[in-house]
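First to last, the protein sequences are chains A and B. Taking the numbering used here as reference, the numbering of the first sequence is continuous, increasing by one, and the terminal residue is 295. Taking the numbering used here as reference, the numbering of the second sequence is continuous, increasing by one, and the terminal residue is 295.
Warning: the hint list may mix true and false statements.
[As the list claims (entries may be wrong)] Simulated pairs of lysine to any residue, SDA-like, Cα-Cα distance not exceeding 20 angstroms: (1) 257/A with 274/A; (2) 257/A with 109/A; (3) 257/A with 283/B; (4) 257/B with 285/A; (5) 257/B with 74/B; (6) 257/A with 286/B; (7) 257/A with 74/B; (8) 257/A with 73/A.
[Claimed, not checked] A few chain B residues that don't get close to chain A, going by computed Cβ distances all over 10 angstroms: (9) 55; (10) 74; (11) 76; (12) 107; (13) 123; (14) 129; (15) 168; (16) 171; (17) 180; (18) 182; (19) 203; (20) 211; (21) 271; (22) 279.
Just so you know, these hints were derived from the structure itself, not from any lab. Even glycine gets a Cβ: it sits at the ideal position worked out from N, Cα and C.
Protein chains: 2
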Amino acid sequence: MTYCVGLLLDEGMVMAADSRTNAGVDYISTYSKLHVLQPAPDRLFVLMVAGSLATTREVLDRIGRDLDQAINPRPSPFQQAPLVTLLNVNYLFEAATYIGQVSQAVQNEHGPALRQAGVSAEASFILGGQIAGQAHGLFLIYPQGNAIAATPETPYLQIGESKYGKPALDRIVHPGLSLADGARICLVSLVGTARSNLSVGPPFEVAICPRDQLAPSHLLKLPAGSPDLAALSRSWDESLSQAFFALPRFSWEPGNPQS
Amino acid sequence: MTYCVGLLLDEGMVMAADSRTNAGVDYISTYSKLHVLQPAPDRLFVLMVAGSLATTREVLDRIGRDLDQAINPRPSPFQQAPLVTLLNVNYLFEAATYIGQVSQAVQNEHGPALRQAGVSAEASFILGGQIAGQAHGLFLIYPQGNAIAATPETPYLQIGESKYGKPALDRIVHPGLSLADGARICLVSLVGTARSNLSVGPPFEVAICPRDQLAPSHLLKLPAGSPDLAALSRSWDESLSQAFFALPRFSWEPGNPQS
Numbered sequence: 037m038t039y040c041v042g043l044l045l046d047e048g049m050v051m052a053a054d055s056r057t058n059a060g061v062d063y064i065s066t067y068s069k070l071h072v073l074q075p076a077p078d079r080l081f082v083l084m085v086a087g088s089l090a091t092t093r094e095v096l097d098r099i100g101r102d103l104d105q106a107i108n109p110r111p112s113p114f115q116q117a118p119l120v121t122l123l124n125v126n127y128l129f130e131a132a133t134y135i136g137q138v139s140q141a142v143q144n145e146h147g148p149a150l151r152q153a154g155v156s157a158e159a160s161f162i163l164g165g166q167i168a169g170q171a172h173g174l175f176l177i178y179p180q181g182n183a184i185a186a187t188p189e190t191p192y193l194q195i196g197e198s199k200y201g202k203p204a205l206d207r208i209v210h211p212g213l214s215l216a217d218g219a220r221i222c223l224v225s226l227v228g229t230a231r232s233n234l235s236v237g238p239p240f241e242v243a244i245c246p247r248d249q250l251a252p253s254h255l256l257k258l259p260a261g262s263p264d265l266a267a268l269s270r271s272w273d274e275s276l277s278q279a280f281f282a283l284p285r286f287s288w289e290p291g292n293p294q295s
Numbered sequence: 037m038t039y040c041v042g043l044l045l046d047e048g049m050v051m052a053a054d055s056r057t058n059a060g061v062d063y064i065s066t067y068s069k070l071h072v073l074q075p076a077p078d079r080l081f082v083l084m085v086a087g088s089l090a091t092t093r094e095v096l097d098r099i100g101r102d103l104d105q106a107i108n109p110r111p112s113p114f115q116q117a118p119l120v121t122l123l124n125v126n127y128l129f130e131a132a133t134y135i136g137q138v139s140q141a142v143q144n145e146h147g148p149a150l151r152q153a154g155v156s157a158e159a160s161f162i163l164g165g166q167i168a169g170q171a172h173g174l175f176l177i178y179p180q181g182n183a184i185a186a187t188p189e190t191p192y193l194q195i196g197e198s199k200y201g202k203p204a205l206d207r208i209v210h211p212g213l214s215l216a217d218g219a220r221i222c223l224v225s226l227v228g229t230a231r232s233n234l235s236v237g238p239p240f241e242v243a244i245c246p247r248d249q250l251a252p253s254h255l256l257k258l259p260a261g262s263p264d265l266a267a268l269s270r271s272w273d274e275s276l277s278q279a280f281f282a283l284p285r286f287s288w289e290p291g292n293p294q295s
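Please take these sequences and the hints and turn them into a complete structure.
Shown next as structure tokens:
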């Protein structure tokens, strides 16, 4: 499984992902699911992936091939229409549409054989990015290729094993959060998910992308034993334990002012 | 949907459930999912239910009919074998087996018609209880009728919409928790789930059953606006917000001792 979360904040974007993949409990691997694509100085794309590892791998390879073709045009027997790439899309939503189309093409190619084996070819994506002169944005691209966007009312998007880490986000996230606070709540959400579900695990990767900079200011990769991750987990655990024992007593308990 | 959680603690059991049911977003109702059954002074059963409301309703009605038949025997055209009831089971695990059999019988009766309509007849149960002279125990009865038990290593069991509320349990629950603390962490888990998933909601019901008392010491029913629930939510929210802002800074942030 996988867990990725992206925040659309006034100050920019935070995108965070775990790195565990599994095809059964006896086939657990580590793959990065957070990919930074900067095909030109006027545009930044950060793509997080969940679902079939073979599908997401081929989607990333096809996106790269399309970019390579745009820079070094060569006749290709696979090319049938004018080439859409991350270089020539004019809007961020067009990049989401393009990635959805690539995902659909890959799924259509391998879906029939996979369905016969009872396996899903589906994949989901979170695309964050900005094209110079336009607003920064965040899209969730469904397995069917369509997409929704983050908004001030819904400032975060999740893919993969999203339920365990949602209560922490629901309590804390709002568009006015600083980028560092956004990165912290994403890590809290990831750490809690990994604790409750073995199929989600470190290294945790975080991309912090300040608005209008068109490049990440920080790219973090926190492996299981890293001091930063341990300090965050310890602080959160201790505070939560204190929070728990500070909850109001029931009326029948000693120490309740009504008792 | 539904969310129920039961804790098996050294001091006894805590069982907690939400009360929301839904058959589509335009058909949301309130039903109690926590049922205390005390058929004789030597035995206590607390049964929580999730899944098809029609299945769980009929399971409870059949359990009641079997008890009534045991107390006031009448010839019944439906009775084919010696009657098992909550009165004559000799062990708590036999009560779990019996409830699993009743659940299977109800599902087998209605399953074919429901499957044609694309609806599931499945239901899950958490049974907590004690028979005099034996240990208290907690079982999760699967839709297939088999059951697992809580143990010191796995002191809590959940049914229904269980993922949102799991991280809080994973952090706090251990067998040495007091009953009141157990009730508090169950409420924290319920409140967080209800915030993240509209299909789970108050009133929240909690049964606190001290070991060897064979009766609940407290039965709580906390509706949405209740002062106790509001105080608990407010305390938890404020502490979590403080916990979040007390997390260690990143190395590049002002206020970090390394910066």
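A quick look at each hint next to the structure:
At roughly 24 angstroms between alpha-carbon atoms, residue 257/A and residue 274/A are farther apart than 20 angstroms, so this suggested pair is violated. The suggested pairing of residue 257/A with residue 109/A is violated, with an alpha-carbon distance near 35 angstroms, which exceeds 20 angstroms. Only pairs whose Cα atoms come within 20 angstroms are accepted, and residue 257/A paired with residue 283/B is accepted, the gap being roughly 18 angstroms. As the CA atoms of residue 257/B and residue 285/A are separated by approximately 16 angstroms, the hinted pair is consistent with the 20 angstroms bound.
Annotation: proposed proximity of residue 257/B to residue 74/B holds, straight-line Cα distance about 19 angstroms (limit 20 angstroms). A threshold of 20 angstroms between alpha carbons decides the hint, and for residue 257/A with residue 286/B the separation of about 13 angstroms falls inside it, so the pair holds. Simply put, residue 257/A and residue 74/B have alpha-carbon atoms about 56 angstroms apart, too far for the 20 angstroms limit, and the pair is violated. A distance of roughly 17 angstroms separates the Cα atoms of residue 257/A and residue 73/A; the hinted pair therefore holds under the 20 angstroms criterion.
Distance check for residue 55/B against chain A: the nearest CB is about 19 angstroms away, which clears 10 angstroms, and the non-interface claim stands. Non-interface call for residue 74/B relative to chain A: holds, since the shortest CB-CB distance, roughly 21 angstroms, exceeds 10 angstroms. Look at residue 76/B: its CB is around 27 angstroms from the nearest CB on chain A, clear of 10 angstroms, so calling it non-interface holds up. With a minimum CB-CB distance of about 34 angstroms to chain A, residue 107/B clears the 10 angstroms threshold, and the non-interface call stands.
A cut-off of 10 angstroms between C-beta atoms confirms that residue 123/B is not in contact with chain A; the least separation is 31 angstroms. Remark: the non-interface label on residue 129/B is consistent with the geometry, its nearest Cβ contact in chain A lying 28 angstroms away (cut-off 10 angstroms). Residue placement check: residue 168/B keeps its beta carbon more than 10 angstroms from all beta carbons of chain A (closest about 25 angstroms). For residue 171/B, the shortest C-beta to C-beta distance to chain A comes to about 25 angstroms, beyond the 10 angstroms cut-off, and the non-interface label holds.
At roughly 21 angstroms from the closest C-beta of chain A, the C-beta of residue 180/B stays outside 10 angstroms, upholding its exclusion from the interface. With a closest Cβ-Cβ approach of about 21 angstroms to chain A, residue 182/B is found to remain outside the 10 angstroms limit, as its non-interface label requires. Residue placement check: residue 203/B does not keep its beta carbon more than 10 angstroms from all beta carbons of chain A (closest about 4 angstroms). In this structure residue 211/B is separated from chain A by more than 10 angstroms, as the shortest Cβ-Cβ distance comes to about 16 angstroms.
The claim that residue 271/B lies off the interface is violated: its Cβ sits roughly 5 angstroms from the closest Cβ of chain A, which falls inside the 10 angstroms cut-off. Against chain A, the non-interface label of residue 279/B is violated: not every CB pair exceeds 10 angstroms, the least being about 3 angstroms.
Violated hints, listed in ascending order, are 1, 2, 7, 19, 21, 22; each of the other numbered hints is respected by the structure.
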